[in-house]
Amino acid sequence: MFRNSHRVTGILFALCLLMGSAATAKAASFADAVALLAADSFSDTEAGITAVAASGHAMAPKVIGALQQSQLLFDANSRRVVIKDGSNVIDATTGERLGEAATGFAPVRLNNRLRRSVEAALGGLTLLSPDRGTRLGAAQSVFRSRDAATLPTLDAAIAKEQDSEVNRALTAARAAVVLYKPDAAEADKLEAVSTIRLRNDQEAVALLSGLPSDTPPTVSRAAQAAITTIQNNLAAWAGVQNAWYGLSLGSVLLLAAIGLAITFGVMGVINMAHGEMVMLGAYTTFVVQEVIRTRYPHLFDLSLVFALPLAFMVAGGIGILIERSVIRFLYGRPLETLLATWGISLILQQAVRTIFGPTNREVGAPSWMTGAFEVGQITITYNRLWIICFALVTFAALLAMLRFTRLGLEMRAVTQNRTMAASMGIRTARIDALTFGLGSGIAGIAGVALSQIDNVSPNLGQGYIIDSFMVVVFGGVGNLWGTLVGAFTLGIANKFLEPYAGAVLGKIAILVLIILFIQKRPRGLFALRGRAVEA
Amino acid sequence: MHAFADRTLGRVGTVFLASILVVAVAVPVSNLLFPPGSPLHMPSYLVALLGKYICYALLALSIDLIWGYCGILSLGHGAFFALGGYAMGMYLMRQIGTRGVYANPELPDFMVFLNWSELPVFWYGFQHFAYAAFMIVAVPGLLAFLFGWFAFRSRVTGVYLSIITQAMTFALMLGFFRNNFGFGGNNGLTDFKEILGFNVQAAGTRAALFAASCLALAVGFVICRAIITSKFGKVLIAIRDAESRTRFLGYRVESYKLFVFTVSACMAGVAGALYVPQVGIINPSEFAPANSIEAVIWVAVGGRGTLIGPIIGALVVNYAKTTFTSGMLAPYWLFLLGGLFVAVTLLLPRGIVGTIQHFWSQRRQARDGEGAVPEPSPAPAE
Numbered sequence: 318m319f320r321n322s323h324r325v326t327g328i329l330f331a332l333c334l335l336m337g338s339a340a341t342a343k344a345a346s347f348a349d350a351v352a353l354l355a356a357d358s359f360s361d362t363e364a365g366i367t368a369v370a371a372s373g374h375a376m377a378p379k380v381i382g383a384l385q386q387s388q389l390l391f392d393a394n395s396r397r398v399v400i401k402d403g404s405n406v407i408d409a410t411t412g413e414r415l416g417e418a419a420t421g422f423a424p425v426r427l428n429n430r431l432r433r434s435v436e437a438a439l440g441g442l443t444l445l446s447p448d449r450g451t452r453l454g455a456a457q458s459v460f461r462s463r464d465a466a467t468l469p470t471l472d473a474a475i476a477k478e479q480d481s482e483v484n485r486a487l488t489a490a491r492a493a494v495v496l497y498k499p500d501a502a503e504a505d506k507l508e509a510v511s512t513i514r515l516r517n518d519q520e521a522v523a524l525l526s527g528l529p530s531d532t533p534p535t536v537s538r539a540a541q542a543a544i545t546t547i548q549n550n551l552a553a554w555a556g557v558q559n560a561w562y563g564l565s566l567g568s569v570l571l572l573a574a575i576g577l578a579i580t581f582g583v584m585g586v587i588n589m590a591h592g593e594m595v596m597l598g599a600y601t602t603f604v605v606q607e608v609i610r611t612r613y614p615h616l617f618d619l620s621l622v623f624a625l626p627l628a629f630m631v632a633g634g635i636g637i638l639i640e641r642s643v644i645r646f647l648y649g650r651p652l653e654t655l656l657a658t659w660g661i662s663l664i665l666q667q668a669v670r671t672i673f674g675p676t677n678r679e680v681g682a683p684s685w686m687t688g689a690f691e692v693g694q695i696t697i698t699y700n701r702l703w704i705i706c707f708a709l710v711t712f713a714a715l716l717a718m719l720r721f722t723r724l725g726l727e728m729r730a731v732t733q734n735r736t737m738a739a740s741m742g743i744r745t746a747r748i749d750a751l752t753f754g755l756g757s758g759i760a761g762i763a764g765v766a767l768s769q770i771d772n773v774s775p776n777l778g779q780g781y782i783i784d785s786f787m788v789v790v791f792g793g794v795g796n797l798w799g800t801l802v803g804a805f806t807l808g809i810a811n812k813f814l815e816p817y818a819g820a821v822l823g824k825i826a827i828l829v830l831i832i833l834f835i836q837k838r839p840r841g842l843f844a845l846r847g848r849a850v851e852a
Numbered sequence: 054m055h056a057f058a059d060r061t062l063g064r065v066g067t068v069f070l071a072s073i074l075v076v077a078v079a080v081p082v083s084n085l086l087f088p089p090g091s092p093l094h095m096p097s098y099l100v101a102l103l104g105k106y107i108c109y110a111l112l113a114l115s116i117d118l119i120w121g122y123c124g125i126l127s128l129g130h131g132a133f134f135a136l137g138g139y140a141m142g143m144y145l146m147r148q149i150g151t152r153g154v155y156a157n158p159e160l161p162d163f164m165v166f167l168n169w170s171e172l173p174v175f176w177y178g179f180q181h182f183a184y185a186a187f188m189i190v191a192v193p194g195l196l197a198f199l200f201g202w203f204a205f206r207s208r209v210t211g212v213y214l215s216i217i218t219q220a221m222t223f224a225l226m227l228g229f230f231r232n233n234f235g236f237g238g239n240n241g242l243t244d245f246k247e248i249l250g251f252n253v254q255a256a257g258t259r260a261a262l263f264a265a266s267c268l269a270l271a272v273g274f275v276i277c278r279a280i281i282t283s284k285f286g287k288v289l290i291a292i293r294d295a296e297s298r299t300r301f302l303g304y305r306v307e308s309y310k311l312f313v314f315t316v317s318a319c320m321a322g323v324a325g326a327l328y329v330p331q332v333g334i335i336n337p338s339e340f341a342p343a344n345s346i347e348a349v350i351w352v353a354v355g356g357r358g359t360l361i362g363p364i365i366g367a368l369v370v371n372y373a374k375t376t377f378t379s380g381m382l383a384p385y386w387l388f389l390l391g392g393l394f395v396a397v398t399l400l401l402p403r404g405i406v407g408t409i410q411h412f413w414s415q416r417r418q419a420r421d422g423e424g425a426v427p428e429p430s431p432a433p434a435e
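Chains as they are written, first to last, in my numbering: chain A, 318 to 852; chain B, 54 to 435.
Because the hints were derived from the structure by calculation, they are not lab data.
Mixed in with the good hints, there may be bad ones.
In silico lysine to any residue, SDA-like type, Cα no more than 25 Å apart, as pairs [to be verified]:
#1 A:LYS824 to B:ARG231
#2 A:LYS824 to B:LYS374
#3 B:LYS374 to A:LYS498
#4 B:LYS284 to B:SER414
#5 B:LYS374 to A:PHE673
#6 B:LYS374 to A:ILE664
#7 B:LYS374 to A:GLN779
#8 A:LYS837 to B:ARG300
#9 A:LYS824 to B:ALA343
#10 A:LYS401 to A:PRO378
#11 A:LYS824 to B:TYR309
#12 A:LYS498 to A:SER526
#13 A:LYS837 to B:GLY303
#14 B:LYS374 to B:VAL332
#15 A:LYS824 to B:LEU199
#16 A:LYS824 to B:PHE412
#17 A:LYS824 to B:ASN344
#18 A:LYS824 to B:ARG300
#19 A:LYS837 to A:ILE783
#20 A:LYS837 to B:ASN344
#21 A:LYS824 to B:LYS284
#22 A:LYS837 to B:ARG231
#23 A:LYS837 to B:LYS284
#24 B:LYS105 to B:LEU199
#25 B:LYS374 to A:GLN667
#26 A:LYS837 to A:GLY823
#27 A:LYS837 to B:ALA256
#28 A:LYS837 to B:PHE312
#29 A:LYS401 to A:ARG426
#30 B:LYS105 to B:VAL316
#31 B:LYS284 to B:ALA256
#32 A:LYS824 to A:ASN772
#33 A:LYS837 to B:LYS105
#34 B:LYS374 to A:THR671
#35 B:LYS284 to B:THR210
#36 A:LYS824 to B:GLY228
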């Protein structure tokens with residue numbers, strides 16, 4: 318078939334010129350091209366295929382497609398070509414339904430050589446498709462098939478292409494074809510290697526490492542060098558990817574743990590119902606979205622903005638209720654607090670299960686959180702990006718609140734020296750309730766964020782409770798910065814372990830490492846020193 | 054014998070021990086010797102159910118030994134229970150032999166299913182009951198020893214210890230859920246046929262397993278009493294109430310803790326081993342942190358630091374659980390269980406038995422004047 322390539326190119330260019338002429342001429346040329354298919358000779362059929370493919374006529378893909386499926390029929394006497402459609406036929410030049418039975422026609426015959434031409438023609442047709450996505454897909458498939466017959470169409474497509482990304486894909490596809498073409502010049506092949514190297518992905522490596530044995534040694538060496546470069550590059554990107562995933566996981570851990578850093582870290586209350594506060598936040602989001610969906614659908618993109626304060630209030634309110642009704646009787650008895658709050662978590666889970674049912678609830682994503690963009694070789698989804706930003710903003714806001722507001726000052730005073738704070742006129746019981754409410758409320762807004770990436774079910778919270786405690790204990794109790802560092806360290810460590818150990822084993826390894834770490838530094842990474850330790 | 058009973062068990066303890074042994078004989082007799090129609094007959098399902106409760110009671114007893122007398126709140130004792138259960142399950146799996154679905158004389162079904170060609174090394178020897186029995190005690194004991202060695206020496210105490218024990222059982226759960234861990238993955242070990250040559254399903258075997266569970270509970274009770282009434286036990290209580298003070302008095306606190314933690318884990322392992330043939334399955338969900346913490350609430354309900362209390366607590370709570378979860382009230386069980394956690398910690402911190410003991414000692418004190426010393430209630434002195 319390579320012998321024919323010059324002839325094919327010739328016809329193609331001739332027909333390309335025709336394409337530029339008047340519409341009637343185009344229709345006439347298409348009819349001529351189709352008529353070639355009725356000649357019942359393989360060489361005419363081949364010319365016909367090429368001519369049809371190059372015509373740019375709206376019926377062209379249909380005709381070639383029908384040919385591939387053996388649905389293209391012709392009448393030996395009238396030289397008419399039709400497409401079989403069920404028991405009827407369609408005119409191949411006009412697309413009209415003819416209303417005749419398919420019985421009087423014979424199928425256009427193909428041999429193996431022609432089948433390849435048909436495939437190449439189809440690939441070529443999609444390469445010239447007006448749809449950008451189709452062109453990109455076609456370029457990819459040519460890159461993989463490396464079919465030399467598509468070369469002329471590729472050249473035509475590259476010349477026409479305006480979109481830079483599609484152009485790159487087409488150029489790479491052309492380079493792949495040239496590289497695997499036995500009669501291509503060595504200089505061309507070398508250039509092809511450097512073009513393919515720019516693709517910088519696993520497929521380029523596969524292509525370059527599978528070169529045929531008759532490749533000139535200079536090209537092979539260049540390919541080898543390109544493979545090394547690409548692989549180094551890929552390894553670097555894999556590292557970046559892992560770091561990104563780690564940051565993403567870290568931000569989730571930070572969100573889940575940051576409220577716990579207040580209730581457990583600052584107040585010293587073991588709140589096993591913390592995960593359920595996160596769950597309540599997620600369910601608040603669900604309810605808000607349901608209301609918006611049914612009443613004000615145009616506000617859907619703002620649903621999370623409405624959900625945030627509501628989730629804070631719901632979770633914070635329930636937190637204050639828990640503190641006033643249970644926890645305040647148990648200060649100084651951490652083990653009992655642990656058990657009582659575990660009981661509360663069971664009650665909250667079951668309450669949510671009774672109200673909303675045990676199955677997952679659908680929480681939609683607003684349009685600004687869907688989709689993704691690419692940086693180099695990695696894909697960054699908007700929801701993960703927003704969650705990282707959100708976690709950091711929440712952290713900063715909390716830090717600022719503790720540092721610069723009166724309530725924050727009183728909270729720090731009470732946790733540092735309760736008796737002294739009380740004698741300075743701070744109502745410690747009220748501060749306790751508010752601090753606990755704050756920690757719970759933050760868990761609630763964490764739930765809003767987590768509803769975007771996790772299943773909203775009554776068990777949502779349970780999945781986070783152990784991880785959150787690990788983060789707080791690892792980072793050091795009573796230290797918000799420790800929580801930040803702890804969350805991101807654990808997140809990134811987890812994601813870097815995963816490729817070697819697998820997801821579950823990676824998690825186990827992290828748990829074991831934390832257990833060992835606690836042995837070494839029982840008070841965490843950023844332990845408080847001095848008197849605060851004894852408090 | 055009398056002296057031992059008086060000194061070690063006390064009057065209440067002796068009565069309690071006697072009643073466990075009476076139950077150990079009475080239940081099998083009622084099940085096996087009386088015909089099904091008789092009012093004295095106990096149906097077989099009830100025997101299995103009670104046997105399960107007795108195993109839970111032993112687990113609760115083991116938790117009380119460390120929590121009630123040494124102040125170590127383990128939220129991972131379910132792990133030791135499950136490890137003992139797995140050791141027994143491995144023995145029972147090897148006993149299936151060629152009666153499995155794939156009829157492989159060497160490999161359990163799930164290994165054949167996973168296309169494994171030979172038995173993993175850690176499965177060697179489990180066809181012998183003696184070896185399995187040794188492992189039932191040794192594996193949980195060894196894990197507890199290693200864990201305690203690290204934890205107690207670096208003075209991880211209080212809630213920190215609770216949380217890392219919870220993380221430990223969580224990590225084990227994740228591990229046992231994996232197929233390539235070699236313990237049947239998600240499905241665990243089940244479909245047992247024989248134990249020591251007797252059919253696991255037979256009424257006689259079930260009755261014998263029940264009696265064995267009661268016996269184990271009785272032995273466990275005596276061991277715990279022996280520990281806490283000895284001088285060693287006094288030091289344990291001192292550690293519970295004032296750890297630093299005890300250390301300053303020259304006691305190696307970590308050694309005491311390590312010993313009692315290991316003993317407790319071994320007891321939990323035995324409880325798990327007796328549990329598995331009676332329920333017929335062991336799977337990774339036994340490692341779930343929720344199970345361990347539920348066991349802690351049995352202790353709290355019965356009364357920590359009383360030894361009799363946890364046994365009663367385990368029976369009462371599990372009976373309630375069975376009643377609730379099998380009827381129309383099933384959706385409300387978690388409300389009740391959750392409420393129980395809150396109510397016991399807030400309203401009944403001494404538990405059922407502890408409250409009764411407290412009431413009696415108060416009355417005795419009021420009657421005798423200042424003569425009697427009340428039983429110390431578990432409250433930290435620091």
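These are the hints, each one checked on the structure:
The hinted pair formed by LYS824 (chain A) and ARG231 (chain B) meets the criterion: a straight-line CA distance of about 12 Å does not exceed 25 Å. Between the alpha carbons of LYS824 (chain A) and LYS374 (chain B) the distance comes to roughly 33 Å, so the proposed pair goes past 25 Å and is violated. For the hint linking LYS374 (chain B) to LYS498 (chain A), the alpha-carbon distance of about 75 Å lies beyond 25 Å, and the restraint is violated. Between LYS284 (chain B) and SER414 (chain B) the alpha-carbon distance is near 23 Å, which keeps this suggested pair within the 25 Å criterion.
Proposed proximity of LYS374 (chain B) and PHE673 (chain A) is supported: the alpha carbons are some 24 Å apart, at most 25 Å. Taken as a hint, the LYS374 (chain B) and ILE664 (chain A) pair is honoured in the structure, with Cα atoms around 15 Å apart against an allowance of 25 Å. Taken as a hint, the LYS374 (chain B) and GLN779 (chain A) pair is honoured in the structure, with Cα atoms around 21 Å apart against an allowance of 25 Å. As the CA atoms of LYS837 (chain A) and ARG300 (chain B) are separated by approximately 20 Å, the hinted pair is consistent with the 25 Å bound.
Among the hinted pairs, LYS824 (chain A) with ALA343 (chain B) is consistent with the structure: their alpha-carbon atoms are about 19 Å apart, no more than 25 Å. Between LYS401 (chain A) and PRO378 (chain A) the alpha-carbon distance is near 15 Å, which keeps this suggested pair within the 25 Å criterion. Of the pairs offered as hints, the one joining LYS824 (chain A) and TYR309 (chain B) is violated, with about 32 Å between alpha carbons and a cut-off of 25 Å exceeded. The suggested pairing of LYS498 (chain A) with SER526 (chain A) holds, with an alpha-carbon distance near 15 Å, which does not exceed 25 Å.
Distance restraint check for LYS837 (chain A) and GLY303 (chain B): the Cα-Cα separation of roughly 24 Å lies within the 25 Å cut-off, and the hinted pair is therefore satisfied. With a CA separation close to 16 Å, the supplied pair LYS374 (chain B) and VAL332 (chain B) stays within the 25 Å bound. Between LYS824 (chain A) and LEU199 (chain B), the direct Cα distance comes to roughly 21 Å. Compliance with the 25 Å bound is thereby established for this hinted pair. A C-alpha spacing of about 49 Å is found between LYS824 (chain A) and PHE412 (chain B), which places the hinted pair above 25 Å, so the restraint is violated.
Among the hinted pairs, LYS824 (chain A) with ASN344 (chain B) is consistent with the structure: their alpha-carbon atoms are about 21 Å apart, no more than 25 Å. At roughly 36 Å between alpha-carbon atoms, LYS824 (chain A) and ARG300 (chain B) are farther apart than 25 Å, so this suggested pair is violated. Of the supplied pair hints, the one linking LYS837 (chain A) and ILE783 (chain A) holds, its CA atoms being roughly 20 Å apart against a limit of 25 Å. For the proposed pair LYS837 (chain A) and ASN344 (chain B), the alpha carbon gap of about 29 Å is over 25 Å, so the pair is violated.
Between LYS824 (chain A) and LYS284 (chain B), the direct Cα distance comes to roughly 43 Å. Violation of the 25 Å bound is thereby established for this hinted pair. Using a Cα cut-off of 25 Å, the hinted pair LYS837 (chain A) and ARG231 (chain B) is violated, with the two alpha carbons roughly 29 Å apart. For the given pair, LYS837 (chain A) sits about 32 Å from LYS284 (chain B) by alpha-carbon distance, which is inconsistent with the 25 Å threshold. Annotation: proposed proximity of LYS105 (chain B) to LEU199 (chain B) is violated, straight-line Cα distance about 29 Å (limit 25 Å).
For a cut-off of 25 Å, the pair hint linking LYS374 (chain B) to GLN667 (chain A) stands: about 15 Å separates their Cα positions. Straight-line distance between C-alpha atoms of LYS837 (chain A) and GLY823 (chain A) comes to about 21 Å, which keeps the hinted pair within the 25 Å bound. At most 25 Å may separate the alpha-carbon atoms for a hinted pair to count; LYS837 (chain A) and ALA256 (chain B) exceed this at roughly 52 Å. For the hint pairing LYS837 (chain A) with PHE312 (chain B), the CA-to-CA distance comes to about 21 Å; that is within 25 Å, so the pair holds.
Between LYS401 (chain A) and ARG426 (chain A), the direct Cα distance comes to roughly 14 Å. Compliance with the 25 Å bound is thereby established for this hinted pair. Taking the CA atoms of LYS105 (chain B) and VAL316 (chain B), the gap is near 21 Å; set against the 25 Å cutoff, the hint holds. For the proposed pair LYS284 (chain B) and ALA256 (chain B), the alpha carbon gap of about 44 Å is over 25 Å, so the pair is violated. Our distance criterion of 25 Å between C-alpha atoms is met by LYS824 (chain A) and ASN772 (chain A), whose separation comes to about 20 Å.
For the hint linking LYS837 (chain A) to LYS105 (chain B), the alpha-carbon distance of about 39 Å lies beyond 25 Å, and the restraint is violated. Taking the CA atoms of LYS374 (chain B) and THR671 (chain A), the gap is about 19 Å. The hint holds against a cut of 25 Å. Distance hint between LYS284 (chain B) and THR210 (chain B) is fulfilled; the C-alpha atoms sit about 23 Å from each other, no more than 25 Å. With a C-alpha separation of about 10 Å, the suggested pair LYS824 (chain A) and GLY228 (chain B) falls inside the 25 Å cut-off, and the hint holds.
In summary, the structure is inconsistent with hints 2, 3, 11, 16, 18, 20, 21, 22, 23, 24, 27, 31 and 33 from the numbered list given earlier, while agreeing with the others.
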